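Chemist: The task is to assemble the complex, starting from two chains supplied on their own in separate frames and drawing on the hints.
Note that the protein sequences, when read in sequence, are chains A and B. Numbering-wise, the first sequence is residues 3 to 428 according to this note's numbering. Numbering-wise, the second sequence is residues 93 to 567 according to this note's numbering.
Calculated from the structure, these hints are not laboratory results. Watch out, some of these pointers could steer you wrong.
Once the Cα atoms are required to be at most 20 Å apart in a straight line, the calculated SDA-like pairs of lysine to any residue come out as [unchecked claim]:
| id | chain 1 | residue 1 | chain 2 | residue 2 |
| --- | --- | --- | --- | --- |
| 1 | A | K108 | B | E477 |
| 2 | B | K322 | A | E272 |
| 3 | B | K478 | A | M3 |
| 4 | A | K221 | B | N558 |
| 5 | A | K107 | B | R471 |
| 6 | B | K536 | A | D87 |
| 7 | A | K223 | B | G400 |
| 8 | B | K377 | A | V240 |
| 9 | A | K223 | B | F398 |
| 10 | B | K322 | A | G270 |
| 11 | A | K276 | B | R392 |
| 12 | A | K223 | B | K556 |
| 13 | A | K267 | B | H350 |
| 14 | A | K107 | B | E474 |
| 15 | B | K175 | B | E464 |
| 16 | B | K481 | A | E105 |
| 17 | B | K134 | B | N261 |
| 18 | B | K536 | A | Q49 |
| 19 | B | K466 | A | T104 |
Keep in mind that this is a model prediction, so the values were computed, not measured.
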Amino acid sequence: MEKSEYDVVVIGGGPAGLAAAVEARENGISRVLIIERDVEPGGILQQCIHNGFGLFEFSEELTGPEYAQKFINMARKDEIEIMLDTIVTSINSSKEITVMNTEGKKEILAKSVILAMGCRERTRGAISIPGERPAGVFTAGTAQRYINIEGYMVGKKVVILGSGDIGMIMARRIVLEGGEVKAVVARSSFPKGLTRNVVQCLDHYDIPLLLSHNIVEIKGKERVESVVIAETDMKKQVIPGTEKEYECDTVLLSVGLIPENELSKQAGIELDRKTGGPVVNESMETSVEGIFACGNVVHVHDLVDFVTAESRRAGKNAASYVRGEFKRNGDYVTFSTSGGLTYAVPHKFRYSNLPDKLDIFMRVDMVYNDSLIILENRGKEIARFRERHLTPGEMIKITVKKEMFEKTEGVININLVSEKESGNEK
Amino acid sequence: MYDVAIIGAGVTGSAVARELSRFNLRVVVIDRENDVCCGTSKANSAIIHAGYDPEENTLMAKFNSEGNPMFDQLCRELDIPFKRIGSLVVAYDDEQIEHLEKLYRRGLNNKIQKMSILNQEELRKREPHINPEAKGALLAETAGIIDPMLLTISLIENAVMNGCDLKLNFAVTSIEKNSKSFKIRSKSESVEAEYVINAAGVFADRIHNMVSASDFRIKPRRGQYFLLDKCEGCMVNSVIFPCPDRMGKGTLVTPTVHGNLILGPSSDDLEDPEDLSTTPELLEKARNGAKKLIPEITTRNSIRTFAGMRAEPDTGDFIVREAPDTPRFFDAAGIKSPGLTAAPAIAEYMISLLEKAGLGMEMKKNFNPEIERKLFLERSGEEQEKLLKKNPLYGRIICRCENITEGDILDAIHRPVGAKTLDGVKRRCRPGMGRCQGGFCGPKVQEILARELDRPVEEIVLEKKNSYILTGKTK
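If we strip away everything but chain B, and leave its shape as in the complex, we get (with noise of 0.2 Å):
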């Protein structure tokens, strides 16, 4: 019997894991997939928002402008990387000039500090690439960049690491309602817990459903996006916007954390939430957005498009609460953009939420917040000689675009949540990642996922359990 389960581990179950570990309580999370950060965490803008977006007295942006703040000790006790870049929003017009003014007040009412209007020649001198037509934009510099797999990933893991359970390829199927507890059930095993928290993403409603009345709905929205190589990087300095419209914050063009250049997210609503094809139309449509911002940018260099499906609830907020018909049982759904960066701000309010409905919290004597997660080329020449002397594979390069060592992928692998699929490698240290999409390395990550798994490279899959790569040996 756990005290509390979380049903999803994507950010936001991560985060709530990762804050119910400092407490003496028995936590499980778990997922349908065969690993951590498989849903809209996985694919998304990558952004910290700054929070002048959100309208006035929302969810979204009372967890928009106090999650933003906690990133930089967050990712220093996580040891991933972010930037505060900051943000851009780029008007053409008068009118757009207008709704830029808007913006400001609409931060200024969220509390959203350094915040100005840039004019069109401070614009250009921020953004030399930037579409001469350009008038002038909203300057936020709060805005960020950041790894969201990488800091799904840590947050799970270091929730595991302060005794946090988790229990994958858990597809729920139903929750029964007890008088003093829950019992979660997927086809073959079952988890019971005292406290449920939803955290199911683009099936936060089903997951709801299950046990209390239907009171909203989550419609799917997919967004479209070109990765652009890193040399292609260094053509936006920002975090960069249009105007926003109906559809959302509109395409965007931004570099990642680690140097490439992302454009996108064309959006459409859908009714498959895991329908995450491409689609031509959309592609163009992100492509264009794009080139209307910076006109100097081509999809020549593109090394990956991808779609992300994001939780549009219709309530238009987010929504995060007990249940109103089911005591113990938290709903932390509709968490659509700017979902990452709310991410730490409500795993905290979930905290009072839990602690309110009567869960007793006691604090753990010795919960370390702190995990190690540099790779062995971002360390310092003398961490490297003493890895390089405990393990000389940390020598040895597998991912020749991104620069990662087989002992990274060693890493990767042998972790407390450690991978078990090229994608989970991928995900956890970028090998595949970078230029030739894993034409180079893949063949090798298997070996060592084979190797270090200790099962035949043809069970080996890219991602999920029945995308095999292999079919057999040769004749």
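Here chain A stands alone, though its shape is the one from the complex (with noise of 0.2 Å):
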């Protein structure tokens, strides 16, 4: 088998993959390539022709493939190698990767791995829909394939069940393109995508939004004729005598992405359950060394900006591991979360690592207003930050300066209180 070496290789051409690389190479590393499965970069960018991408990055509203196309554009000015139509087969934790493509199979050694593998959608089987399973039922993700790269509608009369970002655009895309949307059915009582898509989406084309509902059944033997669809309660159980049938050729389904992570079992990385992405510390570093993640692999973000932004660390430090210029000195300071923050990423950092600010990612579980992020280690407050309105399709991005994690250990709570409350306290 041909074998060949890299300084860093990074899996996924993504906006994640992309904008590591990119990263990489200007720091210094001339041997950096990416590996791609589709047969162009630029990931699920490509599919995504809608606009709101770059407001952060580049202050202008871009579409996906434009957005994709300015990294595209980075990585062949840095004369950066991609391989494309290629899978990796397999990885392991001395970072030893078989790929294979038409080409047959080779062997690649890295010095440093960036993984950006990104997520992929829940499906009708994950949630366990009864009744009958005719065509007609896709993940919105897939429809938008078959619409916007493919150039197919997926039907005429179509029903959204989940009220995430990719649902509500795939309802307006739906009506744009001569469909009707009957309903976006969403289990929460509250849209789990961004508001902005709620409004952009949803309202501006009337489509109705029925929050606290869920199909409680497919019909349909060959083709989906109906769903039932019924009121849910505060638990989520179906409320009995509430179910009414809606006439539809077309089930979506926007319920959820899963960080993409079977490579990351290969190579022996811990896995966060919470996530479902790797473990990392304020470097991007997975639990093996020299292994990087970054984007949607680590935790699903809400916006490419910040995707964009979390990679370009991952591709800084394996530039500063390959150079053999990575410091591990001291102990970790892990972060907890409490109060209805679900996760807080990175996960961990070493003091004498950080930047001179740590961005903190994190998720709510349900709509909180007028609350206070609270960081506490050993007793002691070490900040606080206000924050107005938060909802668990947007992300939280709180940024911390490093000397206020000076002289921490052991482990730093994030809690989140609702500003009354600790109002009271005082």
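Modeler: In structure tokens:
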């Protein structure tokens, strides 16, 4: 088998992989390789033809392909090698990678690896919607691919389950293509996606959003003929007697994304059950030295701009690892979360490795208004942040100055409290 | 004019077809669907049973115990995976332990080998995740797991390679009995054969009643299952059953031959043999049944739920015979569990019935029992290199969950009994069977099908004729 060596190998040529590769290259690493399974780089952005990308990164509103193209151009300019139409079939903790494409199998040795495999959609099977199993049930992303890339419509009368961003964007897309969206059904009492998408994709097109509802049955022997929708209570249980049948030929599912970590498992990387992605430190390094991770493979992001920022961090640190400048002084301080915060990324840091400012990303489990995020270590408050409105659809990003973490040790708990409650304490 | 017509391309009909293709006979298999293996054979527990379960002196016991040992050679010839991982029947109290002893004795009477009763310690050693309250279990080492779809498709494919005809989309509407032959009609065509074998699964009573006096009924019994991600596959090492009850062998937990975990079935009796919907109540029952055996199991990593239909005969036993009032018309009916295990034995028995009824059997000189069906990544490095030289598309992975290459998909389409639908490809080489359920590979497989069959993409369907996927071009 053919063997080759690289300094940094990036697995995945989507926005995360491209940004990480470019950053590694621009930090002086010459042999950078991106391995991409599709026939072109850019990842899922290529099918996201709506705009709204790049507001933070470029201060302008771009479509997905435009955003991707900027990074593809940078990678080209930097002469980064991109191996397209190629799958990684195996990887181990010694950073030995086997890839396969139409030219056969190849072995690649990497000094450092950056995992940027992104995520996949949860399917009907994962949420066990009862009923028949006809054609016409798609994940929203698959439907998006059919419509925006292949140029085919997936149905005429559509019900969408889940109020995630892709679901709402597809609702608008289907209306624009002459289809009818009967309803967007959400199991939660609040929309899961960005507020701007509720307004721009549903409200502007008079698409009904049924909150606290669920699809309880799919009917149709060969193609979807109808779905039964029912109201759900606070515990998301169906309220008997509220069932209503909606005639439709298509069901789209936007019921969550799962970081794609099959390769991470092969490499023996520690995963976080909550994010579904690798446990990472301040440098986006995983539990295996020299293997970094960034983007949706670590945790599902809401905006690609944040993916880019995170990936740059991974790329930069992979470069310093390859140059042998990566520091490992001192003990880890880890983050824990409470009060409705579901996770924090990075999971841990070493003080000496911290940049001047550390961005911490979090999500909440439901909607919170007028709250405080308080960081505490050994009974002492380190920092607090006021948040007017928090919703599970939108990531929380707080930026903490390095000096705030001086003298911290053990566990820093990040707690969410209501402003009122906290006021009473004092 | 055919010598033999077989109605039904499920595992029974396909096994009979393959046996018949050893002889110089004109044989045709007809099926109502647009592909083979579309009924009971595609949705079941995928178990090759040891044979202690069926009552003594039944046809079920006979064909189970005869069928089980045939699988090693059969799967070698058909180049399909088969693993004898053994089965356990778990007991929680003394009463159930007594039942294990009864099953053990029944097994001995059915001439089943390699059985033993495990105590709690032995059971836990073999199955570390088993419910700690389990007191013991009946171990039957000869039980195994298989891919029932690959088995059925390979059987019929081998039959076709050896000269058997296959007519799909042929829904039998009537059978005319003449002095020397039968005329089997669908709405648009007909087939004439001297001998007819009824292997029509849940419809076997209807087919039987077209020519012969009604003397049995098939009651459809639905079973609902969860299929879990491969990350759960190593939760158990054996096929694990609870003590059996009135509705059958109960909810089992087993790894599949591809490394997933399967939970189910929970059963109910229905009137409509085509109602394959899943229901929240029975899925919940399957989940709870599985949790009783393995408390750590969650369906968090479920990748699919499905229902299968079993052909439950009102006689309580398989019906394999020449119809009493209709010479040369044979039933292989009521083939419920352990029908998959029994199929090769039923096929051999059917040959002997046909011979007795006067069908001349002359062995074919050039019968080839072997087919090659390994997927690209299941092959040796040397074979892989050879294939890649032949067609570089063996190097392009289309299904990332199951690691299926474009070359594998081309094979599935162009083999003797080739796939024409997305599910047809999935049954043959598994793209879409994995955790993304075809989300990534579905559009690609559809494109490949359209290209290879030279048809517009919109015409490629998921499974049955009207299961269209696309509704036209975008604006």
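Chemist: Confirm or reject each hint.
Modeler: Taking the hints in turn, this is what the structure says about them:
| no. | hint | verdict |
| --- | --- | --- |
| 1 | A/K108 to B/E477 | 12 Å, holds |
| 2 | B/K322 to A/E272 | 18 Å, holds |
| 3 | B/K478 to A/M3 | 14 Å, holds |
| 4 | A/K221 to B/N558 | 14 Å, holds |
| 5 | A/K107 to B/R471 | 13 Å, holds |
| 6 | B/K536 to A/D87 | 13 Å, holds |
| 7 | A/K223 to B/G400 | 14 Å, holds |
| 8 | B/K377 to A/V240 | 18 Å, holds |
| 9 | A/K223 to B/F398 | 13 Å, holds |
| 10 | B/K322 to A/G270 | 16 Å, holds |
| 11 | A/K276 to B/R392 | 13 Å, holds |
| 12 | A/K223 to B/K556 | 9 Å, holds |
| 13 | A/K267 to B/H350 | 18 Å, holds |
| 14 | A/K107 to B/E474 | 12 Å, holds |
| 15 | B/K175 to B/E464 | 18 Å, holds |
| 16 | B/K481 to A/E105 | 9 Å, holds |
| 17 | B/K134 to B/N261 | 17 Å, holds |
| 18 | B/K536 to A/Q49 | 15 Å, holds |
| 19 | B/K466 to A/T104 | 19 Å, holds |
When held up to the earlier numbered hints, the structure conflicts with none and fits them all.
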